[in-house]
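Trainee: Listed here are the chains, written in short residue letters.
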Amino acid sequence: GQQVMQIPQYQHVQEGEDFTTYCNSSTTLSNIQWYKQRPGGHPVFLIQLVKSGEVKKQKRLTFQFGEAKKNSSLHITATQTTDVGTYFCAGLKDTGNQFYFGTGTSLTVIP
Amino acid sequence: ETGVTQSPTHLIKTRGQQVTLRCSSQSGHNTVSWYQQALGQGPQFIFQYYREEENGRGNFPPRFSGLQFPNYSSELNVNALELDDSALYLCASSYRGGNQPQHFGDGTRLSIL
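One line per chain: the protein sequences are B and E, in this order. The numbering of the first sequence is the working numbering, which starts it at 1360 and goes up by one. The numbering of the second sequence is the working numbering, which starts it at 1315 and goes up by one.
It is possible that part of the hints are untrue.
Quick partial rundown of chain B residues pointing at chain E, CB under 7 angstroms, derived from the structure [claimed, not checked]: (1) Gly1375; (2) His1401; (3) Asn1456; (4) Gly1461.
Chain E stretches covered by chain B per the calculated footprint, using a threshold of three residues with CB under 8 angstroms from any CB of chain B [as the list claims (entries may be wrong)]: (5) 1358-1368; (6) 1413-1426.
Sample of chain E residues with no beta-carbon within 10 angstroms of chain B, all distances over it, derived [stated by the list, open to error]: (7) Ser1347; (8) Gln1355; (9) Asn1385.
The set of hints was computed from the structure by calculation and includes no laboratory data. From the three backbone atoms N, C-alpha and C, an ideal C-beta is built for every residue, glycine too.
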């Protein structure tokens, strides 16, 4: 069954509004990566989180890893049209080397 | 620095046929992972190769097989193609280890008729 779930599946926002996508795993993860995939493109690595409770920022993007290392979130402040795309989390379990990609959140930004 | 390249970009096959997809890893990367991405879904892990050996496998049948060559490039072979195999096949290269970013190629769009 699906190992990593993301919500929401779709999000439409007005340009300038904030956006958040949530990632939840059924099992503890050793680390989590976030990727962005533009329409017709391939996933592009954004960031990796390893420590429990870790928070990282990249300009308008804030990434968090939950204390239990089972969930994560990506928050974008003041969205821009260049933020359009599908955001995926990918979790690595404590054992093995298989990354489990989430179902993705498709972001549309309305100018 | 050369990125990940995949070939071909598009391919059309019929049920029962066999297909080989190719991937050249980013320079300096010794690990290649293959993913299947159906329309509107997240990438699903097929398998990973490190030092020419399979280093982990997802929930895919044996008719999905692969190879890695000494220069770290890789092939994905799929036998007895089924309609459900229609998808984008992505190759990602990285340094060994789960704490490394994966660099994806543009993928091969496979359509089964």
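Trainee: Output the numbers, in ascending order, of every earlier hint that fails for this structure.
Mentor: Violated hints (numbers, rising): 1, 7 and 8; every other hint is consistent with the structure.
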